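S.K.: Single-letter residue listing:
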Amino acid sequence: MSAPVRSDRIERPLAVMRIALSAAVIAAAVVPLYLLAKQALTPELETFAWPPAWLPRDLTLRNFAAVFAVGELRGAIVRSLCVGAISAAGATVLGAMLAYAMARGGAAQRVGFAAVSGVRLLPMIAVAIPAGIMLASLGLYDTPGALGLAVIHCAIAIPTAALTLYAAFAAVPREIEEAAWLDGASPVRVFFAIDLPIVRGALSAAFVLCFILSWDEFGFALLLQQTNRTLPPLLYYYTVFGNVGPASALALLMMIPAVCVVIALGPAMRTAMVTGSSR
Amino acid sequence: MNERSRYLKGAFVAIPSLFMLAMLVVPALGGLGASFNHRGPSLENYSALVHDPMFWRAALDNLILPIASLALELAAGLGLALMLTARGKRSAVVEVAAILPFAIPEIVILTIARYLLMPRGYVNGALEAFGMHGAAWLSPRGSLAMLSVAVVDAWHVTPIVMLMLIAGLQTIPQELYEAARLDGAGTLATFRHVTLPMLAPAIVGATVLRGIDALRIFSTVLVLTGAEAVPVLSTYAYGQWTDAQAPRVAMAAAMVLAMVVTIFALAGTLAVRRWASQPGASQ
Chain D
-19 MSAPVRSDRI ERPLAVMRIA LSAAVIAAAV VPLYLLAKQA LTPELETFAW
31 PPAWLPRDLT LRNFAAVFAV GELRGAIVRS LCVGAISAAG ATVLGAMLAY
81 AMARGGAAQR VGFAAVSGVR LLPMIAVAIP AGIMLASLGL YDTPGALGLA
131 VIHCAIAIPT AALTLYAAFA AVPREIEEAA WLDGASPVRV FFAIDLPIVR
181 GALSAAFVLC FILSWDEFGF ALLLQQTNRT LPPLLYYYTV FGNVGPASAL
231 ALLMMIPAVC VVIALGPAMR TAMVTGSSR
Chain S
2 MNERSRYLKG AFVAIPSLFM LAMLVVPALG GLGASFNHRG PSLENYSALV
52 HDPMFWRAAL DNLILPIASL ALELAAGLGL ALMLTARGKR SAVVEVAAIL
102 PFAIPEIVIL TIARYLLMPR GYVNGALEAF GMHGAAWLSP RGSLAMLSVA
152 VVDAWHVTPI VMLMLIAGLQ TIPQELYEAA RLDGAGTLAT FRHVTLPMLA
202 PAIVGATVLR GIDALRIFST VLVLTGAEAV PVLSTYAYGQ WTDAQAPRVA
252 MAAAMVLAMV VTIFALAGTL AVRRWASQPG ASQ
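Chains D and S supply the protein sequences, listed in that same order.
The first sequence lines up with residues -19 to 259 when you count with the working numbering.
The second sequence lines up with residues 2 to 284 when you count with the working numbering.
For the record, the hints were derived by calculation from the structure and aren't laboratory data.
All values derive from a computational prediction rather than experimental measurement.
From the three backbone atoms N, C-alpha and C, an ideal C-beta is built for every residue, glycine too.
Do not rely on the hints blindly, as some may be mistaken.
As the list claims (entries may be wrong) - Sample of chain S residues at the chain D side, in silico, Cβ under 10 Å: (1) Y8; (2) L33; (3) H52; (4) V97; (5) M256; (6) V261; (7) T263.
Unchecked claim - From chain S, some residues computed to sit far from chain D (all C-beta separations above 12 Å): (8) H39; (9) R40; (10) D53; (11) W57; (12) A72; (13) R142; (14) L148; (15) G227.
I would like the entire structure built from these sequences, with the hints used as guidance.
M.R.: Here it is as structure tokens:
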């Protein structure tokens, strides 16, 4: 509480509460992750012990070896990386176009915001089932390359990219653009030669956020890639239908990109994650 | 601003919008059409919904579950936001720890939650170690499953609520706190008469944004309890599509959900506007 506090009667319990809450927050973040890491690094039999073992007895890398040895798992990692990269690249390009037009005001701004917020209201299930039928008619349903899923992920990531880039384009001084126009540069040229270089930091932020959106996305992936799975649905099947060891190892590997971003890139990225948080 | 740049702007709005339209809205409209089709135009699919008790359970749970998880998120998010903005008490470790659950992919959170909450899982293990009885946290027959789902969902998304409320707290002018102090207001009075009213727009905003997501809840329920234990509209539709092989009934259920989300979002937008325009609001 930012208010200067006077009475000790309230201050002391608040201080105790604050310490207890801090401890709870750290525990809620660390203990589950520790247990997951423990499961990933111990033999599967140990995981089924009762009462559950809180400390690892035998450490092993067998679960990770299994993840990379089983073709299905290896394939899912490669597929998730490809879908993430393709969809994030597409969404960053399309989102940059939309954000630029929105940042320059007028009708474009209203249409852009309406499109971006409207699309974010669609429930996954209402889109995924008919989208599956549409992709099937295009020959893109559940293909090994998962191009259909990448296209859908690209579409759902455009609002995230556009909202991330909007502030960056809005901050580009209009005078620079106008000077370039007066010098005879075409609008397209101004966009590529002036605006894009200025917002390149935001472009990479948008790409990273869109990649993570795709990497984490479960619903569309489950419905659109029923046999050629990406990581989230595969992890779901491993978790629900057994194979604790590889599932834990896979889960641990899946966390790497997102956790790196949050720890390494700091507060700016966290704000951006809020903007783009809607699924 | 010349004529040609207007063309560029038009094209830059049109291309991404048309792409989203073609990939997301057109399929959804196709689904809407299919939901009114049963060997010709008919209300058959909706009548199948109305006569399925499971649909009504799903609709009811789709109401209770978002309310429960929103309440948990707002309470925890507010507590964390207040704690993290307290003057002179900032801790980078607590801050990163508070945000971490949101950085973890949802499916990983759910995987961990399953291992924690399963009958012979860590939570029951810890309870028994302290001499208490374990519980059937995810059992389809108990009433606990709903609570478990709400808690796990809140665990994952509380960081977003927290960040939104921190942003709201930072817009409250310090002078108000000074004035409250000069008037002799204590911590609780200051919280009630300064912080809470000034934070109301942020709370309403967070409720609307998070509510839209909470209504569409799918993976948490599916992974933790399966499609049947705590049915919600998304998992009901999923079940109709995969298990019951009734795609048109599935689409009808999905359209009901889409309508609920749209109504909530429109009402929420109006509420946000009204709140933001009230005197005393921070912006």
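S.K.: Run every hint past the structure and note whether it holds.
M.R.: Status of the hints after comparison with the structure:
1. Y8: It holds, given that the least Cβ distance between Y8 of chain S and chain D is near 8 Å, below 10 Å.
2. L33: 8 Å, holds
3. H52: Violated. Min distance 21 Å.
4. V97: 6 Å, holds
5. M256: 6 Å, holds
6. V261: 9 Å, holds
7. T263: 6 Å, holds
8. H39: 16 Å, holds
9. R40: For R40 of chain S, whose nearest Cβ neighbour in chain D is about 18 Å away, the distance exceeds 12 Å, so it holds.
10. D53: The claim stands: D53 of chain S keeps its Cβ more than 12 Å from every Cβ of chain D (closest is about 16 Å).
11. W57: 18 Å, holds
12. A72: 18 Å, holds
13. R142: Answer for R142 of chain S: holds, closest chain D Cβ roughly 18 Å.
14. L148: 17 Å, holds
15. G227: 8 Å, violated
Against the hints set out earlier in the document, violations occur for numbers 3, 15.
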